[in-house]
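Colleague: Listed below, chain by chain, are the residues.
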Amino acid sequence: MAPVQVTGTVLTIRQVDAYHAMTVVAPGIAERFKAGHFTAVAVGGAETSMLLRRCLSIHDVKPDYGGTVELVFSVQGRGTAWLADRRVRDSLDLVGPLGRPFPLPRDPVHCLLVGSGYGSAPLFPLADALQARGCRVDFILGAPSADRVFGALRARRMGETTTLTTDDGSLGMRGSVTDMLPHVIADSQADVVYACAPMAVLRSVAAVAARHGIPAMVSVEEAMACGIGVCMSCVLPVVGDDGITRLVRSCVDGPVFRGERVRFDDVGTIPFDALGAPGGRLAEAGP
Amino acid sequence: MAPVQVTGTVLTIRQVDAYHAMTVVAPGIAERFKAGHFTAVAVGGAETSMLLRRCLSIHDVKPDYGGTVELVFSVQGRGTAWLADRRVRDSLDLVGPLGRPFPLPRDPVHCLLVGSGYGSAPLFPLADALQARGCRVDFILGAPSADRVFGALRARRMGETTTLTTDDGSLGMRGSVTDMLPHVIADSQADVVYACAPMAVLRSVAAVAARHGIPAMVSVEEAMACGIGVCMSCVLPVVGDDGITRLVRSCVDGPVFRGERVRFDDVGTIPFDALGAPGGRLAEAGP
Amino acid sequence: MSPDMRARLAHVELANPVLTASGCAAFGRELSQFFDVSRLGAVVTKSVTLAPRAGRPTPRVAETPSGMLNSVGLQGPGVEAFLRRDLPWLTAHGVPVVVSIAGSSVAEYAELARRVSAESGVAAVEVNLSCPNVEDRGRRFASDAGAASDVVSAVRTHCRFDVPVFAKLSADVTDVVPIAKACVDAGAEGLSMINTILGMAVDVDTMRPSLAGGTGGLSGPAVRPVAVRCIWQVYAALPGVPIIGMGGVATGRDALELILAGACVVSVGTAIFHDPYACIRILRELEELLEQRGVERLSDAIGLAHRALPRHRTEENHL
Amino acid sequence: MSPDMRARLAHVELANPVLTASGCAAFGRELSQFFDVSRLGAVVTKSVTLAPRAGRPTPRVAETPSGMLNSVGLQGPGVEAFLRRDLPWLTAHGVPVVVSIAGSSVAEYAELARRVSAESGVAAVEVNLSCPNVEDRGRRFASDAGAASDVVSAVRTHCRFDVPVFAKLSADVTDVVPIAKACVDAGAEGLSMINTILGMAVDVDTMRPSLAGGTGGLSGPAVRPVAVRCIWQVYAALPGVPIIGMGGVATGRDALELILAGACVVSVGTAIFHDPYACIRILRELEELLEQRGVERLSDAIGLAHRALPRHRTEENHL
Ligand SMILES: Cc1cc2nc3c(=O)[nH]c(=O)nc-3n(C[C@H](O)[C@H](O)[C@H](O)COP(=O)(O)OP(=O)(O)OC[C@H]3O[C@@H](n4cnc5c(N)ncnc54)[C@H](O)[C@@H]3O)c2cc1C
Ligand SMILES: Cc1cc2nc3c(=O)[nH]c(=O)nc-3n(C[C@H](O)[C@H](O)[C@H](O)COP(=O)(O)OP(=O)(O)OC[C@H]3O[C@@H](n4cnc5c(N)ncnc54)[C@H](O)[C@@H]3O)c2cc1C
Ligand SMILES: Cc1cc2nc3c(=O)[nH]c(=O)nc-3n(C[C@H](O)[C@H](O)[C@H](O)COP(=O)(O)O)c2cc1C
Ligand SMILES: Cc1cc2nc3c(=O)[nH]c(=O)nc-3n(C[C@H](O)[C@H](O)[C@H](O)COP(=O)(O)O)c2cc1C
Ligand code: FES
Ligand code: FES
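Residue numbers (our numbering), protein chains in the order written: chain U, 1 to 287; chain H, 1 to 287; chain G, 1 to 319; chain E, 1 to 319.
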């Protein structure tokens, strides 16, 4: 279903450790939502100097008030600072749901869900959908410190197992989510890994999954100007079915990609063998 | 006393007919205030696209909460629309008091106060100051329609006489404040006229006062970028003591001028005989 | 009575004057999720190049006060894929198409003009002159009246006779008027302005340029005063030449501002990123503004701010 | 440890790198109501002309998105009154003074340079080149390398030898680098950039230009990306030449952005209209930012964004 623009009302906003969790009444978005979708939020109000929407994963949708969406975010800069200042009953302009959601397995397989920081947020509706199909769900959640591990309790309730990691050891194991990955893949007999995390973590997740011969579905985060596929700002090099690398838009062709298809080492560059690279491949077909 | 910048708190905001009246806790400004001063209000909040402050006359100051200032304004464009949206307890960034206040007579003379639209707002603290000196105060207040006549009740309470005019006859006499002026000057035996109104009205007030051989102190309104005298945007042609016309800043040399000194017909132009006019007068002294 | 909103690109009539700006609506497909693209005056395509292009490295975008910088670098599928896949989609959806073309030599522009204008459904060709000229040490065609003129005359020669050619100018020049004149003399039926302005941002946290490409193109409301100025100057110098105005249009008031300065239609770019419905909202707002002002035909508003009018400053009533 | 904020304009040392921009702080007196002006790195005066000037008609100012347009038209008292009244006030208040001069012919600039630099307390002369050259049909000196060079060399010749000359450039040119080079070759010790950008606004209610003068100069945060780009380009081409950076600086982060791009000091203009304390606030913020980044000396930050650094995109951690 096509995305919509909605002027929603803030229903709740609260601080959850290092994050802000905000529930917005946005029926049109809630009813179209699938796990892995994101939404683009207008920030700054009328007469603002901030032109671009901020993209946030949808953490949850609920049927209350015709449909609500929940967002979880940390304050990075001016836009998210403004967002954190919203109060109950303020209105908020959202476009969504955007992007390709996480693909779901046909069979009741074992799924390992890996989240780092606010990257955990979109994993919970995914876990719901997977469990509804009879899949086993295990979690590895991590962050630099305990206050940035999002959703540990809920993961413990939902997951067959839940492994927590922090860089400073303030919660769970000391280290990164990827340190625990081989171990948990083996233990949980995972058939597929789903991950939402910074690019460096996704790279490791994709590599470890490949080494274990299982697919990884990774949700990437690239700076996005439009979120709807018209500006070409959010591209990264991805190998197509035909073996050709293209700079594809993470907003409409992603943000979820098959891990082995993303050329993580070349993110932020134009690989010389990509379609249309300077002095490089110039045609869709042929070398 | 020098102006100050204050981050005040909105104490009250209410609609008064066609206007918004807002009281802001701003002790530094209140304590320095004299009738005729204005204040420059930052609009749009953090990250706004609106760079310039909006200048508003100070309608009143009160000692409550260490000192409050009251502003009366109509919504014109984006800045005043934002201002009208403020709520109690919001903070507001003010610079003030700015400008030269109304000069007060030494003796207990008869003073006629003429206000049009929100131009009436600064006349009430002036009336207070005049009455404290034993002056007689009469009012002529006008506007296009009844809902834009500001302060009629208070004028009736304070003034020896109060004459109201509206263009559409919905309150008081049908016509403009200047229609009633000769009559009221005569009746009240006015020794001086004070006026705050649009330029066209001030022009007539100055002309009528001159015809009656009494001084008029007029408070002008020119678009202001800084309000503190550094940008040179707010100039108008005023004849100096030496008989030379200069383009003077209405923010620091005004907004109150002696009516006969303002070259009203030349406002918005550079009179050929002004100091520094193209091809014109080039030196401070001489012809 | 609602005003007559019909507009013209030279001899080509459009149902209304609100277009997408090149590079800000791709090839129309994405926007059709939000509204029926046939409601647009026209779609101006992302600039089409001969070969597919991967564009420049990321990050490609940085927000600036009331504006943004981009360094997409003309990423696109190349003319072949465009003609095979994108143009047919647009024509099938019943929207006039202005094809923007971009080359790195006069010959490339000529070839693009020939291939593109041979197809049906092309309402006009817009020549993006803000490309580096490989034959002149990467100097932009738009920076030089001679180079711009060479491109436009080659395009005019190779374009089907009934497809008007609009030359898209850059504001990054000492004087835009001589370049506008050179383009018109070389056969351009109209002019588009303005392209993005060369800008840059440095990230004070990484202490490095915000864009991988270093510099980028500034767009959005921040540049509107520059767009209005260029349109004003060119309309004054070449009053009969139709202008596609763009640069910072986000509301009907902004569109009207460009039209009063001399634009006959407006293109909406960056505003689409904030509001996918921007074009149709702006059209509605523009229509209302014209109606409120008693303007019966959009065409009556074009360049209206140029008429000499005595100023009655003292008659103004702000109170 | 708080960083060493001392700055230099060529050989002249300033206590700190935050200056007022010409035309945005008059001659310092008004700001002294708010703070002690000796806390400024320097006051750059409103451009001084030979004769008094009444400037252009009002309205002279229009707000635009994150910017403003002005057409003040160099209203000022003329050099005589400046030297008699304004310069002594400034020197008595202990603040270094950069005198901006503006002429309509090479001879006028030369005369101004001679008279102004003869006074004590003048730290530097800034040559406002964005003035119409009456001897060349009103073309601006800043638009042309030859004219700019003529002015600068005349100013350098007539200026006292120990007073550095900064040429203030306009971004409204096809390429700022050759003009910068011409000014340096003609003897400028440094460069100031950028002056306002030519823009315009039309009032959609009156359907007339918003400014009485039609066009005006665009300033404020909207133009910062253009300022950063010009500073970047000129620093890259002329790495040893000191640059007074300006254009849209409203916070310490903005000041740091211009410094990282290559400015050795920054001037603050439009931001003063919003915040009379802008300069001293920006200085404090800049100091904090340098400290947070472990930069010990302001001078270490100049042009730092130019250093080649491998990008480790995948190492970024936004979460
Ligand atoms: C698909 C997707 C999902 C996301 N989900 C979440 C989430 O659930 N919770 C959360 O806290 N954050 C999420 N982010 C990151 C979030 O978009 C940025 O933190 C936010 O845009 C920063 O805005 P700002 O105004 O605070 O920062 P500023 O630095 O002021 O932003 C300036 C500009 O850069 C862009 N930008 C800056 N950082 C990022 C970034 N990391 N990613 C994308 N754009 C950026 C902004 O959108 C804006 O256009 C997601 C990003 C993407 C692309
Ligand atoms: C000394 C002085 C005292 C004033 N006192 C009052 C008052 O008590 N109550 C009141 O309602 N209004 C007053 N005004 C007018 C008030 O400043 C304008 O209505 C207001 O600035 C309009 O801002 P805006 O954002 O709504 O309009 P916009 O049109 O969006 O403003 C755009 C820009 O133009 C300027 N501008 C627009 N109209 C005016 C105007 N009439 N005068 C000055 N600048 C203008 C704004 O300051 C802003 O910079 C006063 C003006 C001055 C100069
Ligand atoms: C992301 C982006 C990509 C653009 N790509 C092109 C392009 O391919 N060809 C072109 O002629 N202009 C391109 N432009 C310029 C726009 O068409 C337009 O001229 C400019 O952005 C000013 O309008 P705006 O302020 O409404 O965006 C692009 C602009 C942006 C923001
Ligand atoms: C109202 C106003 C008056 C100005 N007058 C002058 C001037 O007299 N001489 C000059 O060289 N620059 C003048 N400028 C340009 C500024 O010095 C500065 O270069 C420009 O405004 C960009 O900086 P900003 O964005 O911080 O304002 C003026 C700018 C403004 C806004
Ligand atoms: S964010 Fe615009 S195409 Fe992806
Ligand atoms: S408003 Fe700036 S000098 Fe008066």
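In case anyone wonders, no lab produced these hints; they're calculated from the structure. A virtual CB, placed ideally from N, CA and C, is assigned to each residue, including glycine. Please note that the accuracy of each hint is not assured.
[As the list claims (entries may be wrong)] In the DMTMM-like style, the derived pairs of lysine to aspartate or glutamate whose C-alpha atoms are separated by at most 25 Å in a straight line are:
| no. | chain 1 | residue 1 | chain 2 | residue 2 |
| --- | --- | --- | --- | --- |
| 1 | H | Lys34 | H | Asp93 |
| 2 | G | Lys181 | E | Asp175 |
| 3 | G | Lys181 | E | Asp275 |
| 4 | H | Lys34 | E | Asp136 |
| 5 | E | Lys181 | E | Asp205 |
| 6 | E | Lys181 | E | Glu13 |
| 7 | U | Lys34 | U | Asp64 |
| 8 | H | Lys62 | H | Asp90 |
| 9 | H | Lys34 | H | Glu70 |
| 10 | U | Lys62 | U | Asp128 |
| 11 | U | Lys62 | U | Asp167 |
| 12 | U | Lys34 | U | Glu70 |
| 13 | H | Lys34 | H | Asp266 |
| 14 | U | Lys34 | G | Asp275 |
| 15 | E | Lys181 | G | Asp275 |
| 16 | E | Lys181 | G | Glu287 |
| 17 | H | Lys62 | H | Asp85 |
| 18 | G | Lys181 | G | Glu135 |
| 19 | G | Lys181 | E | Asp144 |
| 20 | H | Lys34 | H | Asp191 |
| 21 | H | Lys34 | H | Asp187 |
| 22 | U | Lys62 | U | Glu31 |
| 23 | E | Lys181 | G | Asp144 |
| 24 | G | Lys181 | G | Asp275 |
[Stated by the list, open to error] Just some of the chain G residues that point at chain E, by a computed CB distance under 10 Å:
| no. | residue |
| --- | --- |
| 25 | His11 |
| 26 | Val12 |
| 27 | Ala15 |
| 28 | Leu50 |
| 29 | Gln233 |
Colleague: Confirm or reject each hint.
Modeller: Results of checking the hints against the structure:
1. Annotation: proposed proximity of Lys34(H) to Asp93(H) holds, straight-line Cα distance about 20 Å (limit 25 Å).
2. At roughly 20 Å between alpha-carbon atoms, Lys181(G) and Asp175(E) fall within 25 Å of each other, so this suggested pair holds.
3. For the hint pairing Lys181(G) with Asp275(E), the CA-to-CA distance comes to about 44 Å; that exceeds 25 Å, so the pair is violated.
4. Taken as a hint, the Lys34(H) and Asp136(E) pair is broken in the structure, with Cα atoms around 52 Å apart against an allowance of 25 Å.
5. Using a Cα cut-off of 25 Å, the hinted pair Lys181(E) and Asp205(E) is violated, with the two alpha carbons roughly 45 Å apart.
6. Our distance criterion of 25 Å between C-alpha atoms is met by Lys181(E) and Glu13(E), whose separation comes to about 24 Å.
7. For the hint pairing Lys34(U) with Asp64(U), the CA-to-CA distance comes to about 17 Å; that is within 25 Å, so the pair holds.
8. Proposed proximity of Lys62(H) and Asp90(H) is supported: the alpha carbons are some 19 Å apart, at most 25 Å.
9. Restraint check for Lys34(H) and Glu70(H): satisfied, since their Cα atoms lie roughly 13 Å apart, inside the 25 Å limit.
10. Of the pairs offered as hints, the one joining Lys62(U) and Asp128(U) holds, with about 13 Å between alpha carbons and a cut-off of 25 Å not exceeded.
11. For the hint linking Lys62(U) to Asp167(U), the alpha-carbon distance of about 33 Å lies beyond 25 Å, and the restraint is violated.
12. Straight-line distance between C-alpha atoms of Lys34(U) and Glu70(U) comes to about 13 Å, which keeps the hinted pair within the 25 Å bound.
13. Taking the CA atoms of Lys34(H) and Asp266(H), the gap is near 29 Å; set against the 25 Å cutoff, the hint is violated.
14. Using a Cα cut-off of 25 Å, the hinted pair Lys34(U) and Asp275(G) holds, with the two alpha carbons roughly 22 Å apart.
15. Restraint check: the Cα-Cα separation between Lys181(E) and Asp275(G) comes to about 44 Å, which exceeds 25 Å; the hinted pair is violated.
16. Between Lys181(E) and Glu287(G) the CA atoms are separated by roughly 50 Å; this puts the pair beyond 25 Å, and the hint is violated.
17. A C-alpha spacing of about 23 Å is found between Lys62(H) and Asp85(H), which places the hinted pair at or below 25 Å, so the restraint holds.
18. Of the supplied pair hints, the one linking Lys181(G) and Glu135(G) holds, its CA atoms being roughly 23 Å apart against a limit of 25 Å.
19. Only pairs whose Cα atoms come within 25 Å are accepted, and Lys181(G) paired with Asp144(E) is accepted, the gap being roughly 20 Å.
20. Note on Lys34(H) and Asp191(H): the hinted pairing holds, with a Cα-Cα distance of about 21 Å set against a maximum of 25 Å.
21. Restraint check for Lys34(H) and Asp187(H): the C-alpha separation of about 29 Å exceeds 25 Å, so the hint is violated.
22. For the hint pairing Lys62(U) with Glu31(U), the CA-to-CA distance comes to about 9 Å; that is within 25 Å, so the pair holds.
23. Among the hinted pairs, Lys181(E) with Asp144(G) is consistent with the structure: their alpha-carbon atoms are about 20 Å apart, no more than 25 Å.
24. A hinted pair counts as satisfied when its Cα atoms are at most 25 Å apart, and Lys181(G) with Asp275(G) does not qualify at roughly 35 Å.
25. Residue-level restraint check for His11(G) is violated (minimum Cβ-Cβ distance to chain E is 27 Å; threshold 10 Å).
26. Taking 10 Å as the C-beta cut-off, the interface hint given for Val12(G) is violated, the closest approach to chain E being about 26 Å.
27. Annotation: interface hint on Ala15(G) violated; nearest CB of chain E at approximately 23 Å, more than 10 Å.
28. Look at Leu50(G): its Cβ only gets to about 27 Å from chain E, farther than 10 Å, so that hint breaks.
29. Taking 10 Å as the C-beta contact cut-off toward chain E, the hint placing Gln233(G) at the interface holds, the least distance being around 8 Å.
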